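Asker: Residues per chain, in single letters:
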Amino acid sequence: MTSSRNPRSEFRRWRAHRPFWGGLLLTLAGAEILLTEKASLKVVLHIGMQGLAGYLLPTLMVLCGLLILFNPAQRLFYSLVGILLSLGTWLTSNLGGFLVGLLLGAVGSCLAFGWLPDQEPRRRRLLRRRHA
Amino acid sequence: MASSSDASASHGSTPESSESGSATEGPDRRGRVRLRRAAVMAVPATAIAAGLMILTAQGALGVQFAISGMPFTVTATELNGTGFEQFGNLDNMAEDSPNAGDTGGQVLVVTSAIKNATLTKLCQSVDLGGTNLLITAGSGADKVQATNLTTDSTELSGDAAFDNIEIGNDASTLSKAGVQGNKGVFSQQADTVHIANLRQTNYATTAAVFKLPGLKLRFSDQGC
Chain A
49 MTSSRNPRSE FRRWRAHRPF WGGLLLTLAG AEILLTEKAS LKVVLHIGMQ
99 GLAGYLLPTL MVLCGLLILF NPAQRLFYSL VGILLSLGTW LTSNLGGFLV
149 GLLLGAVGSC LAFGWLPDQE PRRRRLLRRR HA
Chain B
55 MASSSDASAS HGSTPESSES GSATEGPDRR GRVRLRRAAV MAVPATAIAA
105 GLMILTAQGA LGVQFAISGM PFTVTATELN GTGFEQFGNL DNMAEDSPNA
155 GDTGGQVLVV TSAIKNATLT KLCQSVDLGG TNLLITAGSG ADKVQATNLT
205 TDSTELSGDA AFDNIEIGND ASTLSKAGVQ GNKGVFSQQA DTVHIANLRQ
255 TNYATTAAVF KLPGLKLRFS DQGC
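Residue numbers (this note's numbering), protein chains in the order written: chain A, 49 to 180; chain B, 55 to 278.
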């Protein structure tokens, strides 16, 4: 392989071998939901498991998103868990971070689920290559 | 398999046998999202999400709120509750919070806890700077119901009536709503509470399970 070793093309190659947007969207979704809630830990503990779930679900969403990025071989499991968590945050975490996090997480999980490695290049890219 | 990276080499669809991350793949054989595969998950997920929202709007499902950091306003035309506690408290923001200003990251608040509450025409708005996120619920026949409602407010107004109220307890000895404050802090508690024309500016915290019949979530120029 004769690809140049600059970090940009390295990153492109790294990105090509994992469901990059799926994992990234799921991670961002979890982060967004976490940002919408900052209830003090004392109150969370008073309310018990239900209060804790509000933090637990988005945290697990971030973890699933990162695992999709860094362990793409298991993407099916992570994306399934990711979609369930995303849907669950509607109940536990401010209506899924006021809908934004829920939508991002659902889209991210679906992208990760639908991603397949080693696909034919798109025709556009194929043509561009042939012209070069 | 697929060891040559020439674009002219293979045009047919190859089976998905080679796992991702194997170093032998050429740079142009990328992974890609197959729409039909993604739809296998997207369709049921959309259905479930729609179902959750409908159930919430009908009040069949409870939703939990834990918003904070920014002050937000809650209003209701009527609040009825059993198990009421109120005490002073000091809330700490996250370290280096942009909302801290010159307060040192601490806000003096009144914590109100209600074990079971029923609210009519609930309205909640968060000022996002320029626009308000507005949530309304309970304007129909079904009322908004909340359990273990805990709010940290800087302002609270309304016409209140209490049953069996005890004023001046130590905040650490409260028992009616299951929340305790710090030792040596003034507090009050009551068996039942009734507040008409409730208006609260909640600073830091509320965490509770809400049932929101007639839920409406939208952006608006005006708050509650």
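Fair warning: there could be bad hints in the mix.
Stated by the list, open to error - Estimated spans, in silico, between C-beta atoms of each pair: (1) B:ILE108 - A:ALA121: 34 to 42 Å; (2) A:TRP62 - B:LYS237: 18 to 26 Å; (3) A:GLU58 - B:LEU144: 45 to 53 Å; (4) A:TRP69 - B:GLN276: 54 to 62 Å.
Stated by the list, open to error - Chain A stretches covered by chain B per the calculated footprint, using a threshold of three residues with CB under 8 Å from any CB of chain B: (5) 70 to 82; (6) 140 to 153.
Claimed, not checked - Selected chain B positions facing chain A (Cβ under 10 Å, derived; list incomplete): (7) ARG88; (8) ILE102; (9) MET107; (10) GLY113; (11) VAL117; (12) ASN251; (13) ARG253.
Worth flagging that the hints you see were computed from the coordinates, not collected in a lab. In this text, all values refer to a predicted model and were calculated from it rather than measured experimentally. All residues carry an ideal CB built from backbone N, CA and C; glycine is no exception.
Asker: Determine for every hint whether it applies to the structure shown.
Answerer: Hints and how they fare:
| no. | hint | in the structure |
| --- | --- | --- |
| 1 | B:ILE108 - A:ALA121: 34 to 42 Å | holds, 37 Å |
| 2 | A:TRP62 - B:LYS237: 18 to 26 Å | violated, 55 Å |
| 3 | A:GLU58 - B:LEU144: 45 to 53 Å | holds, 50 Å |
| 4 | A:TRP69 - B:GLN276: 54 to 62 Å | violated, 37 Å |
| 5 | 70 to 82 | violated (count 1) |
| 6 | 140 to 153 | holds (count 7) |
| 7 | ARG88 | holds, 5 Å |
| 8 | ILE102 | holds, 6 Å |
| 9 | MET107 | holds, 7 Å |
| 10 | GLY113 | violated, 13 Å |
| 11 | VAL117 | holds, 6 Å |
| 12 | ASN251 | violated, 26 Å |
| 13 | ARG253 | violated, 21 Å |
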